[in-house]
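**Student:** Keeping their order, the protein sequence lines are chains A and B.
When you number the first sequence by the working numbering, it's gap-free, plus one each residue, and the end is 571.
When you number the second sequence by the working numbering, it's gap-free, plus one each residue, and the end is 571.
Since the hints were derived computationally from the structure, they do not count as laboratory data.
Treat the numbers as computed from the prediction; the structure is a model and nothing was measured.
Do not take every clue at face value.
Simulated pairs of lysine-lysine, DSS-like, Cα-Cα distance not exceeding 30 Å [to be verified]:
no., chain 1, residue 1, chain 2, residue 2
1, A, Lys-126, B, Lys-12
2, A, Lys-97, B, Lys-95
3, A, Lys-52, A, Lys-176
4, B, Lys-176, B, Lys-126
5, B, Lys-536, B, Lys-555
6, A, Lys-12, B, Lys-436
Output of the computed footprint for chain B on chain A, the stretches with three or more beta carbons under 8 Å from beta carbons of chain B [unchecked claim]:
no., stretch
7, 61 to 72
8, 140 to 153
Think of the CB as a built atom: it goes at the ideal place given N, C-alpha and C, for glycine as much as any other residue.
Number of protein chains: 2
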Amino acid sequence: MRTSQLYLSTLKEAPSEAELVSHKLMLRAGLIKRLGSGLYTWMPLGMRVLRKVEAVVRDEMNRAGAQELLMPTIQPAELWQETGRWELFGPQMLKIKDRHQRDFCFGPTHEEVVTDIARLELRSYKQLPVNFYQVQVKFRDEIRPRFGVMRAREFVMKDAYSFDATFEGLQASYDKMYRAYSNVFARLGLKFRAVAADTGAIGGSGSHEFHVLADAGEDLLAYCPDSDYAANVELAEALAPTAPRAQPAEAMRDVETPRQTTCEQVAELMGIPLQRTVKLIAVIDAGGKLVIVLLRGDHSLNEVKLSKVAGIGEFRFASEEEIRAAFNCPPGFLGPVGAPDGTRVIADRTVAAMSDFVCGANKPKYHIAGVNWGRDLAEPETVADVRNVVEGDPSPDGKGTLSLCRGIEVGHVFQLRTKYSEAMSATFTDVDGAQKPFEMGCYGIGVSRIVGAAIEQNFDERGIVFPQALAPFALALVAVGYHRSDAVREAADKLYAELGAAGVDVLLDDRNERPGSMFADMELIGIPHRLTIGDKGLAEGVVEYAVRASGAVSKVPLADVVRHCQDVLAG
Amino acid sequence: MRTSQLYLSTLKEAPSEAELVSHKLMLRAGLIKRLGSGLYTWMPLGMRVLRKVEAVVRDEMNRAGAQELLMPTIQPAELWQETGRWELFGPQMLKIKDRHQRDFCFGPTHEEVVTDIARLELRSYKQLPVNFYQVQVKFRDEIRPRFGVMRAREFVMKDAYSFDATFEGLQASYDKMYRAYSNVFARLGLKFRAVAADTGAIGGSGSHEFHVLADAGEDLLAYCPDSDYAANVELAEALAPTAPRAQPAEAMRDVETPRQTTCEQVAELMGIPLQRTVKLIAVIDAGGKLVIVLLRGDHSLNEVKLSKVAGIGEFRFASEEEIRAAFNCPPGFLGPVGAPDGTRVIADRTVAAMSDFVCGANKPKYHIAGVNWGRDLAEPETVADVRNVVEGDPSPDGKGTLSLCRGIEVGHVFQLRTKYSEAMSATFTDVDGAQKPFEMGCYGIGVSRIVGAAIEQNFDERGIVFPQALAPFALALVAVGYHRSDAVREAADKLYAELGAAGVDVLLDDRNERPGSMFADMELIGIPHRLTIGDKGLAEGVVEYAVRASGAVSKVPLADVVRHCQDVLAG
Numbered sequence: 001m002r003t004s005q006l007y008l009s010t011l012k013e014a015p016s017e018a019e020l021v022s023h024k025l026m027l028r029a030g031l032i033k034r035l036g037s038g039l040y041t042w043m044p045l046g047m048r049v050l051r052k053v054e055a056v057v058r059d060e061m062n063r064a065g066a067q068e069l070l071m072p073t074i075q076p077a078e079l080w081q082e083t084g085r086w087e088l089f090g091p092q093m094l095k096i097k098d099r100h101q102r103d104f105c106f107g108p109t110h111e112e113v114v115t116d117i118a119r120l121e122l123r124s125y126k127q128l129p130v131n132f133y134q135v136q137v138k139f140r141d142e143i144r145p146r147f148g149v150m151r152a153r154e155f156v157m158k159d160a161y162s163f164d165a166t167f168e169g170l171q172a173s174y175d176k177m178y179r180a181y182s183n184v185f186a187r188l189g190l191k192f193r194a195v196a197a198d199t200g201a202i203g204g205s206g207s208h209e210f211h212v213l214a215d216a217g218e219d220l221l222a223y224c225p226d227s228d229y230a231a232n233v234e235l236a237e238a239l240a241p242t243a244p245r246a247q248p249a250e251a252m253r254d255v256e257t258p259r260q261t262t263c264e265q266v267a268e269l270m271g272i273p274l275q276r277t278v279k280l281i282a283v284i285d286a287g288g289k290l291v292i293v294l295l296r297g298d299h300s301l302n303e304v305k306l307s308k309v310a311g312i313g314e315f316r317f318a319s320e321e322e323i324r325a326a327f328n329c330p331p332g333f334l335g336p337v338g339a340p341d342g343t344r345v346i347a348d349r350t351v352a353a354m355s356d357f358v359c360g361a362n363k364p365k366y367h368i369a370g371v372n373w374g375r376d377l378a379e380p381e382t383v384a385d386v387r388n389v390v391e392g393d394p395s396p397d398g399k400g401t402l403s404l405c406r407g408i409e410v411g412h413v414f415q416l417r418t419k420y421s422e423a424m425s426a427t428f429t430d431v432d433g434a435q436k437p438f439e440m441g442c443y444g445i446g447v448s449r450i451v452g453a454a455i456e457q458n459f460d461e462r463g464i465v466f467p468q469a470l471a472p473f474a475l476a477l478v479a480v481g482y483h484r485s486d487a488v489r490e491a492a493d494k495l496y497a498e499l500g501a502a503g504v505d506v507l508l509d510d511r512n513e514r515p516g517s518m519f520a521d522m523e524l525i526g527i528p529h530r531l532t533i534g535d536k537g538l539a540e541g542v543v544e545y546a547v548r549a550s551g552a553v554s555k556v557p558l559a560d561v562v563r564h565c566q567d568v569l570a571g
Numbered sequence: 001m002r003t004s005q006l007y008l009s010t011l012k013e014a015p016s017e018a019e020l021v022s023h024k025l026m027l028r029a030g031l032i033k034r035l036g037s038g039l040y041t042w043m044p045l046g047m048r049v050l051r052k053v054e055a056v057v058r059d060e061m062n063r064a065g066a067q068e069l070l071m072p073t074i075q076p077a078e079l080w081q082e083t084g085r086w087e088l089f090g091p092q093m094l095k096i097k098d099r100h101q102r103d104f105c106f107g108p109t110h111e112e113v114v115t116d117i118a119r120l121e122l123r124s125y126k127q128l129p130v131n132f133y134q135v136q137v138k139f140r141d142e143i144r145p146r147f148g149v150m151r152a153r154e155f156v157m158k159d160a161y162s163f164d165a166t167f168e169g170l171q172a173s174y175d176k177m178y179r180a181y182s183n184v185f186a187r188l189g190l191k192f193r194a195v196a197a198d199t200g201a202i203g204g205s206g207s208h209e210f211h212v213l214a215d216a217g218e219d220l221l222a223y224c225p226d227s228d229y230a231a232n233v234e235l236a237e238a239l240a241p242t243a244p245r246a247q248p249a250e251a252m253r254d255v256e257t258p259r260q261t262t263c264e265q266v267a268e269l270m271g272i273p274l275q276r277t278v279k280l281i282a283v284i285d286a287g288g289k290l291v292i293v294l295l296r297g298d299h300s301l302n303e304v305k306l307s308k309v310a311g312i313g314e315f316r317f318a319s320e321e322e323i324r325a326a327f328n329c330p331p332g333f334l335g336p337v338g339a340p341d342g343t344r345v346i347a348d349r350t351v352a353a354m355s356d357f358v359c360g361a362n363k364p365k366y367h368i369a370g371v372n373w374g375r376d377l378a379e380p381e382t383v384a385d386v387r388n389v390v391e392g393d394p395s396p397d398g399k400g401t402l403s404l405c406r407g408i409e410v411g412h413v414f415q416l417r418t419k420y421s422e423a424m425s426a427t428f429t430d431v432d433g434a435q436k437p438f439e440m441g442c443y444g445i446g447v448s449r450i451v452g453a454a455i456e457q458n459f460d461e462r463g464i465v466f467p468q469a470l471a472p473f474a475l476a477l478v479a480v481g482y483h484r485s486d487a488v489r490e491a492a493d494k495l496y497a498e499l500g501a502a503g504v505d506v507l508l509d510d511r512n513e514r515p516g517s518m519f520a521d522m523e524l525i526g527i528p529h530r531l532t533i534g535d536k537g538l539a540e541g542v543v544e545y546a547v548r549a550s551g552a553v554s555k556v557p558l559a560d561v562v563r564h565c566q567d568v569l570a571g
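Chain A extracted, bound-state conformation (with noise of 0.2 Å):
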């Protein structure tokens, strides 16, 4: 394609809405234009994009035996009350009357519809397995929609559910579906990390998320350098210390701390080092009772594992005065001796093999040093792990030690097991005449979110970087002179023929713009080879090829050139 052909419209400066990385590039670049509220139009250099991830996507799910179909995004309340989720999906779901006054929602998912096809068409376990996939917008009422298209209310998402007979067979599906996901990602060219994941509000047994790591990811990953584990930090599991628990050697005593309320500034004055002082979180359970969590000063509360503590479930923090009705002491000088009476309390393992211990006193000002569990305080109720792990702790797997990193969620694969076919009676006749309900499982993709993922993980100072395989040409053709050289004008119209014979993907910048203007706006848009034809170097025989990531700069003999950018476009 030639410039001259394509609606380019870059800007200077990005609006001053946008705060990622991310949504400044596409806004700049002009792949996006923003029309309201989480809603993007997508303009033609970003279709290009779009439409280069979906075909990857696309072709991993077909050559895993998974079959395309197009569910209507307009779903009828009724099968939403078979499951309940009518109800307990929340605000983020669009709710619709048609004319006649019934109930409908834009699908923010598709698990009730292709369940309903699932229980009308598959009869026999002879018809399973069976993997129906889709690639649709989708739209979620994001209370805060944010980010471009990473945090957008109407998405282009690829959904895909698999239907069993056996828990054996969900589980092959899923692995299927886990080696597709690895494999988009792979030639997209992205650098990413499949974790073990909390199954959340969807449910079933297992699940893993697909992240494109960046900095700017919302999500924090922990994963062992030496072995295969990974897991959100939601669902890391932190060891139990295997040292036992040293003995008391120091008297209990109160340490006055008159404008010490953290854990940071007690330590800081007693000159201790953080690790020996715990802090005490007060929340609420779900039965509205006060509960008491102990963590080290150094760790923080992970709300996943907590609200899984048996009794817990979903809990919510004490207001201050809550706190002080129970206590009759302000937050920052709280601790687990001389607690309110009756009070549950929750120590973290690591809290747990603790000794000597600093914590606050439960009277203002003051905090207790030396502080021993059996000695000046009765045994934990509960040992848990509620804290997310933190760099250098072991590995679950008992492989090495956890990094973190941090990541953007661009896929998600569930096992469901028999939640939503048991719901809506989903069952098919085995091969034992049974009824029995569907294995399940569900497969996600944020096609349109891994665009912006994409470009979080790879630009610079001069715009986006594109990995080659969702760019939007795979290389930039610039002709420097184009209107006033007639050369030039001849040299590069050939060369851009040769290189479309050649099936080179290349955009030939055939604008009267300055070379710096030019230059600049093929870096912006992250074309990752570049081309540049112009009199002098004609005059010897001569284009420059530069890299757009390294900005590495050659010379390429005219004669040469076709073949040189099949060599570097096969990488």
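Got chain A; can you put chain B on it based on the hints?
**Tutor:** The following block gives chain B in isolation, referenced to the frame of chain A:
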């Protein structure tokens, strides 16, 4: 692909709700499944057909220089309020409130959104012309969804929008799209006709519809076999008779018509041609006034034409009560002689040229004969073309007579001019420095409807007869005895691999079914070419080749079969 990998689900009988052949066959062939009223899932087999249509549409749009983008389906109400269509569009538009109670709609079309993009993006005549298109799911809340994908609520549409600086530019853009549309339907192998059309609610200055010709079509089309003239009957002009009105030859007289209330019954009673009678239609014009419309007995009212007569506008038919009150006579005996004083009379051009005609007497059980303009009643206040043309009418271009056929509208192109750009203040700086509104065109193709229309045009008693370009597979390879004969399995697998390597879009039927059942399925789903491989043929070294459309069967030596298939598929 193999049938063992394809989700194939054919039915012996179509569900009873399906009326139209294409709807029945699409359900029987398992191309679509119903989710709710006007909501269909495209199953894997149907998706293959839909994707083939999409691919041809995209290719022709790109060749015509249009650029693909993707606008949000969910659109802010504010844009529609700017053009007044938020109220005007009516209940077909699905209106939605988001979690913040802001108004949105599920886009039934995208003129407002694309005009908003243009006013933000296109600032100079130098950026023009531009043509943006998208392939997208639309929703129109039909009051009575029916005919499967032909009149579904959710459907796939290709919509394009052109922006030009001048009317001449718009005409050139329009002509490009007209040619691209002709190419699309020709490449899909469909018999179609482009006809001049009414611009309706979209507005603008010129418009053509593209119709797939089929007996079940909802639209009646007029065309001249001897010239290029073609128009929707809504728009086709009925010329005034060229012969002057004959002199009166009869005296006006009453005719007793005790049970004769229609022109047909009166003509039969009197033994005269229907062409001698005149019928009266009473309507209420946009201003609420009664208007009399006179048509020759064998002609029918053209509502679009009547609404365009000066002073009429959006009319409705008078009720029986209104008729009795005005005429003091029941319907069935009404006529222009002695009609209520001061009532406007519109005579169709043909009626205005009649003499000695028969019409209602304005008294029960009587008609009058020998009626003549100027003698028995005043010359009509308005003479206008308000009837539908009929077979044999002179062509408006003067080059022969009109024929009629039925069509299914699958495309529509409009010259919008500045209707939307003016309403939304979408302007550009022209070469003279002045701000001018864009000259716009819009161009729609009903992508999913094309599939239904293609079937409506191409079927027989055994099922669908897809044109090759949109068939789910070009060729079926039926292996008879695949599961019991090693020779068949090996030969079929080998041939399947060879055909695939030769680029043939082949479906290997490797199911363990009776041959009759496999043939019936391949015929029902409309695969245009079929090979049958079995032990008997292999013994002779031949494969059977059958053509779906003609049923012609021949034997092809096994060694020649790949070449043979390439030849017949190349047409």
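**Student:** Next step is simple, just say for each hint if it's right about the structure.
**Tutor:** Here's how the hints hold up against the structure:
1. Lys-126/A - Lys-12/B: 20 Å, holds
2. Lys-97/A - Lys-95/B: 8 Å, holds
3. Lys-52/A - Lys-176/A: Holds - the C-alpha atoms of Lys-176/A and Lys-52/A are around 22 Å apart, at most 30 Å.
4. Lys-176/B - Lys-126/B: 20 Å, holds
5. Lys-536/B - Lys-555/B: Status holds; Cα separation ~12 Å.
6. Lys-12/A - Lys-436/B: With Cα atoms ~26 Å apart, Lys-12/A and Lys-436/B stay inside 30 Å; holds.
7. 61 to 72: holds (count 7)
8. 140 to 153: Result for this restraint: holds, n = 3.
Violated hints for the displayed structure: none, as all numbered hints are satisfied.
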